[in-house]
Amino acid sequence: MNDMTPIPVATARPAAGIGCLDAPVRKERGQHAVFCGLTGIIWMHRKIQDAFFLVVGSRTCAHLIQSAAGVMIFAEPRFATAIIDERDLAGLADVHDELDSVVAKLLARRPDIKLLFLVGSCPSEVIKLDLGKAASRLDKRFFPRVRVLNYSGSGIETTFTQGEDAALAALVPVLPAAPADAVASLLIVGALADVVEDQFLRLLNEMGIANVKALPPRRSTELPDVGPNTRYLLAQPFLTETARALDERGAERIAAPFPLGEQGTTEWLRAAAEAFGVAPAVFEAVTAAPAARASRAVARHLPVLSGKRVMFFPDSQLEIPLARFLANELGMGLAEVATPYLHRAHLAGDLALLPAGTPLSEGPDVDLQLDRCRAARPDLVVCGLGLANPLEAENITTKWSIELVFTPIQGYEQAGDLAELFARPFGRQSRLEV
Amino acid sequence: MQLTLWTYEGPPHVGAMRIATAMEGVHYVLHAPQGDTYADLLFTMIERRNKRTPVTYTTFQARDLGSDTAELFKNACQQAYDRFQPEAMLVGASCTAELIQDNPGGLAAALKLPLPVIALELPAYQKKENWGAAETFYRLVRQLTGSRAEGFQRKTPAEENRPARCNILGPTALGFRHRDDIVEVTKLLAAIGVDINVIAPQGARPADIARLPDADFNISLYPEISDITVRWLERTFRQPSTRIVPIGIGATRDFIREVAALAGMDAEATVTRVESQMAPRMPWYSRSVDSTYLTGKRVFIFGDATHAIAAARVAAKELGFEVVGLGTYAREFARDVRAAAALYGVEPLITDDYLEVEEAIAAVQPELVLGTQMERNIAKRLGIACAVISAPVHVQDFPARYSPQMGFEGGNVLFDAWVHPLMMGLEEHLLCMFRGDFEFRDDVAASHLGHGHGAAKAAVKAEPVLAAEAESEPVAIQLPVPAGAETDKAKPAAAQSLIWTSEAERELKKIPFFVRGKARRNTERFASERGLGPITVDTLYDAKSHFGR
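Going down the list, the protein sequences come from chains A and B. Residue numbers for the first sequence follow numbering that gives the first Met the number 0, beginning at 0 and rising by one. Residue numbers for the second sequence follow numbering that gives the first Met the number 0, beginning at 0 and rising by one.
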């Protein structure tokens, strides 16, 4: 590092291995105000350009995706809902026959679709509709023109981003097998914005790691192969099942903090570099300039954010790495960091970097957390769309958490944008005189 | 099982939420998995409400299914009561909880909470949002007024020497312009000289609902929500109800007559007095000569039944448009829409399949679409002007300005909202006369649409607004279709083989893009019906004189 790259709040950086690695986590049973896994379809259907997501569920499922997507969908959607009706439930119609005809109709309309996901929902789970059986039956009928897979995005099993986890986990078994003597390859796992993915590929290539692929791929015809010589790096913190499935294929996970902010991105890339035997000097040469750019871009927001206290309501499982970024690179205090589900192993790198004593909670009761929020009066609350306006009306500044899932925030070149997302509510307040 | 891309209505429990959220002092305990909490954002984001929705979800998980979801529900009820101290509680199940059959009503009753608990049975696999709202309101009214039914007596206005008083029933949270309609109808009633007893559900408390029988009559503002309730009140408390919804100038006049009659006033004198007092601009605007160009504009109408039927009347009788399509997604009111469609000589379109609506619009090539936000998307893709007249709502349907649909001011609003998207008269003439002008290219939007307007761009990408060609252009439609599939429906079959001479093609290009699709379609129909060979300039003009308007 040179004097062009100030380390903003160096003293706030905890020594590795301490932090919140073994910190207690508050767990509550009560109302969880979070999305279900179906919501992941909103970005997944754009990421894999020849995939279609057919939810087998109720009108509520259709309404959820439509409402959550809202104005975000401007082109034709590659998702739809097969709405179960009373005829299906009463056994007047054979649900599997009905589903087959819906799929046939859909694929006739969309000859461009190469991969069809049948997505399970709360109702399909409760009536024990076997979508695995349906998928393999339909796959036999339509493969190789269309591959048919299934996963569950139901709210009784999955929360928000876990839908992506379930979809990717369903893809893993059909990834081609890499031969046992294949050259070592790196797999980046988790949907990223295309621009971010390209940046990571460029940096890794510059370090000399040539054989890098991404899961999910942009087209289902470009599935990466996987085998015992595959090392994988999680780009998202919510991929429990996907990681398990990759482990079963013999691939090996590279442990790392998640690539949010300068620190996270550097540590994430460093983990890959070390796993592939990249010389430290080469790593430094490749990362120094973008890391410095990231630090400078983040530092611009220090005057607004430093010293402010933030509280996270549970949403995407990105909360722990985001809190680590805000604490370490922007000097923010953490009033409470709540996440819907905490995977201690995958988040070990981030937990170790989180300031010791940070209050953590997993799946909190929304009413009880609101009580804590009103008592703590944090300067900023990161929460879902159902809570943001009501809290603003109580003069509590908020940041919609969903924007953190729909914006390119990973990597060096986005670190400043990420800081700006948290600074914007304050900037807006200072402008307004109404 | 029905394949659905977009849905016009949510599930019935969202309808119940619209009632609970509209009211004060009501809390809704909903047996539902965590994902169903998405519905909160409809109210906090689309409608920008500044309070949490008064809904507690049990958010049961898969692991609870094996144990005791019923206990979970009871705990949620008790905790919601303790925390929010409501004056009445609604309890029910969403689609998933309906399948596990925990009987929320029975469980809540067992808690013996010291407040009225209204158990809702909203069959999620048969019914939809508006039905759910109507049913919830009806159950609520029944339960909170039922005890007054036996031996009920109400003195007449004359006996008490007071003005007649009415209830306004139907406005809910997340309703299309309900917020402003209430204000306008309140003004209208004040001008008529009728008192308002209760407005419900919007803004009412449970105690207000109990006062409903004190009114002399009811105003059924949104029949989709209020119809079953006003019919029950009519039977139970001998409260007659209005049937006319005051959307448009003519309907507002009829509404005044109806209210005056119910209040024992002279209908015609009241209309004259109120209209001169409120002085709507719309009738004169429509008669003023600059509106001549509106004559016979072809309009396609789709929405909930109330708004669609009202829009057809305004379009035909108050703006001089030609109604070329009329439909609704509200199957419960299909009969009313069929009757209205018969008045305008069009086939009614009763469907909640978005793709069917798109196909119908593409087929008739209207100049204006009056629809929901979904038809707005269709119109955008097809390059057709559009105004939104009905739910489902979008954040833009909650404008900051006062913008009612009802009453005389509502008539003014409709004039502006529907006329502004259309091309102004002289501009249209200039475009027709000087097609060759380099600034009159198809990709240059008409001035009223602004530069770079989405509609104009979509039209350009689709080149002529012609179904057959537009549909091969992926940006122009919802779903790319296999070659020929939808094209065949949009065009007469024989037209497929029709050939245009290059001279005729050039002549067609001189016709403004917004009517070119219709011109091509008519010419091809004319030619194919007569078995004419390649289409020449003469065929084009023969067809024009044949269909000419």
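Bear in mind the hints are in silico, worked out from the structure with no lab data behind them. Bear in mind the structure is a predicted one, so any value in this text is a computation, not a measurement. The beta carbon of each residue, even a glycine, is placed where N, CA and C say it ideally should be. Treat the hints loosely; a few may be bogus.
[Stated by the list, open to error] Listed below are several chain A residues computed to face chain B (Cβ distance under 10 Å; list not exhaustive): (1) Glu-124; (2) Asp-129; (3) Gly-383.
Structure-based check of all given hints:
1. With 10 Å as the threshold, the beta carbon of Glu-124/A comes within range of chain B, its nearest partner Cβ sitting at about 7 Å, so the hint holds.
2. Evaluation of the Asp-129/A hint against chain B yields a violated restraint, the C-beta minimum of about 15 Å exceeding 10 Å.
3. Given the 10 Å rule on beta carbons, the hint for Gly-383/A holds: about 7 Å separates it from the nearest Cβ of chain B.
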